[in-house]
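Chemist: Let the sequences and hints guide you as you build the complete structure.
There are 2 protein chains.
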Amino acid sequence: MASLQFQLQATDGHSAARAGKITTDHGEILTPIFMPVGTAGSVKAVSQQQLKNDVQAQIILGNTYHLYLRPGLETLEKAGGLHKFNGWNRPILTDSGGYQVFSLASSRKITEEGVVFQSHIDGSKHLFTPENVMDIQRSIGGDIIMAFDECPPYPSEYKYAEKSMHLTHRWLDRCFERFNGTPDRYGYTQNLFPIVQGSTYADLRKASCEYAASKNAAGNAIGGLSVGEPDHMMYEFTQLCCENLPAEKPRYLMGVGTPWNILECIALGVDMFDCVMPTRNGRNAMLFTSKGVINIDNKKWEHDYSPLDDGIDSDISNYYSKAYLRHLMKAKEILGLTIASVHNLAFYLWLVGEARKHILAGDFISWKNEQAAILQQRL
Amino acid sequence: MASLQFQLQATDGHSAARAGKITTDHGEILTPIFMPVGTAGSVKAVSQQQLKNDVQAQIILGNTYHLYLRPGLETLEKAGGLHKFNGWNRPILTDSGGYQVFSLASSRKITEEGVVFQSHIDGSKHLFTPENVMDIQRSIGGDIIMAFDECPPYPSEYKYAEKSMHLTHRWLDRCFERFNGTPDRYGYTQNLFPIVQGSTYADLRKASCEYAASKNAAGNAIGGLSVGEPDHMMYEFTQLCCENLPAEKPRYLMGVGTPWNILECIALGVDMFDCVMPTRNGRNAMLFTSKGVINIDNKKWEHDYSPLDDGIDSDISNYYSKAYLRHLMKAKEILGLTIASVHNLAFYLWLVGEARKHILAGDFISWKNEQAAILQQRL
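Listed in order, the protein sequences are those of chains A and B. When you number the first sequence by full-length UniProt numbering, it's gap-free, plus one each residue, and the end is 379. When you number the second sequence by full-length UniProt numbering, it's gap-free, plus one each residue, and the end is 379.
One should not assume that every hint holds.
One copy or two, it doesn't matter: identical chains are merged, so the pair holds either way.
With a straight-line cut-off of 25 Å between C-alpha atoms, the simulated SDA-like cross-links for lysine to any residue are [said to hold, decoys possible]: (1) LYS78 with ASP310; (2) LYS52 with ASP315; (3) LYS330 with TRP367; (4) LYS163 with GLU112; (5) LYS332 with VAL276; (6) LYS332 with SER103.
None of these hints come from the bench; they were simulated from the model. Computed from a predicted structure; not experimentally measured.
Modeler: Shown next as structure tokens:
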């Protein structure tokens, strides 16, 4: 059992894009990679069998906030961790819960100690601190666990962003202290990634990258982007962060994004992505395909019996027709939510897999530019 | 392309149970069989891949009322029928829509001609007649299609039941006339089954069996049971119908039932079953297993990490634990609905498969009696 290893396999000659291999005790992850979000121990509407066979997911996320509230730590600990609980035996990354505390909890109060919040489920009061969030994530059992941070909104005043970043850094120290002082829970190695903050201020982002890098962790994450800023700004700060984070560690851009966002950020040097977009938008009738974007509710698909997407290698995407999925969505059949979610995730995994192939083949940038134009088309 | 064939393979020495093989242009069905209900072209929350691989379904139902309203015949015809539309290439049986008109439509009026009803979706007015229901089912493209009947409620006065039965018989004549006067739609044979009515009156049931049998159809159905009468009455009239319907044709008992109902009715000579119970009850947290009935919402399953059911051969039933499914149901995760539905259907298919094995082995009755006691236990 060893810490997560990252092997850099290729760097693009015309961009900062990289291909690599992450090794964890639950198996390997080929990068760049997209990680489906398994909110409450389930990728919404998708079975673990579909995740393996159709989506070909290599790693999934668990949300600490959701899992802590439901089913709760006792259930997860008695199961032997989330892998045993949900039957996913490949790597799992857990977030720190901070983002959901700010976006979902019905009230919250930040102090130096941590965040007091009320559950969105039953209004019960809870406290997250850097220390107990490490303990909670160790109990959940992620292979990769994330530092507890504050994610400032966009836009944020410089003063607030600076103050918030320093709080995040002090919390980061506390996270590492607790993490290093506690053992792995279930016989495999857990790895803590720091999160860079600093809002949309270059000096803060740079300082935060240096602070994160100083922890010499197995990987580093970029937080606080894709929170409402324009795309060009997201790219600008992603680039700055990638340039200021160590090249020999995987870089994880949190919560991004559309397929074309992902392609651009791969070009900037990002290795890992997660986002609820493929599943959430899928449940709302928006399909990402290798030929462009589809609103499957549109009348134009009513008699289109062609496969959802024959340009990717996924049984479900090749099997069901646009007309059939449109019917299921119109009739509010649960199977429609499943098909749309599985397809979108399979498409995202196909996309990062193709990106990887082209990085290895040396023609990533020309492929990326061509694809970005195709994928954004509204069909 | 030939009419449906039924080969009687074995008859139990101690009961009227039979094992047989139905051959259709979309493949074979080994009886006794349970047919999952694919209401609007989708078995609720279950993918066609799961139906084949986990459930091992041999034939599914389509509901004429639902499919006629949504997606509508134009979409189904342009697809080349329901098999092409939903990608299910094994046999399909469609009901006549009559039952849904009475249970779902927001208003309905019965005349000699047929039934005028208002859609439960948009209130639009429609007319079902024996003739157009034949045309509609031909368009949907079932391998087996059902006669248009009136299903009287339980209890019904003798006079009403008798009048209703005669209307069903006059409609049956019109169904056959239309069916025989119209061609198969998509290059494979469609087969019309008459439906026996007569409520809970032995003389009516007997007369209705004789009327149905006189059509010399490829199979016969028993309707109007499992509509609220006590189980012993359902068994009494199922037995009477089985005894008065030809032995060389498959007998289909509509809308039945619990696992123990199915075992009893197999013993009485029924070959085919359908029911929404496994999927509907599954979505409401009730699991049928080889060890008894589970309410997965119960606190007692919170830390039970054993498989849902290791007594049957279904990947999903063996893979997910009771604690995990309970969590998914509590958290209202869509995957919970899928797992419960797939499991219950897999269990029903396992049950009829085991019944068949024991009929062939000659020890059906002793096995059935033992099973019926086990399966009804509340765990």
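Chemist: Of the numbered hints stated earlier in the document, which are not met by this structure?
Modeler: 3
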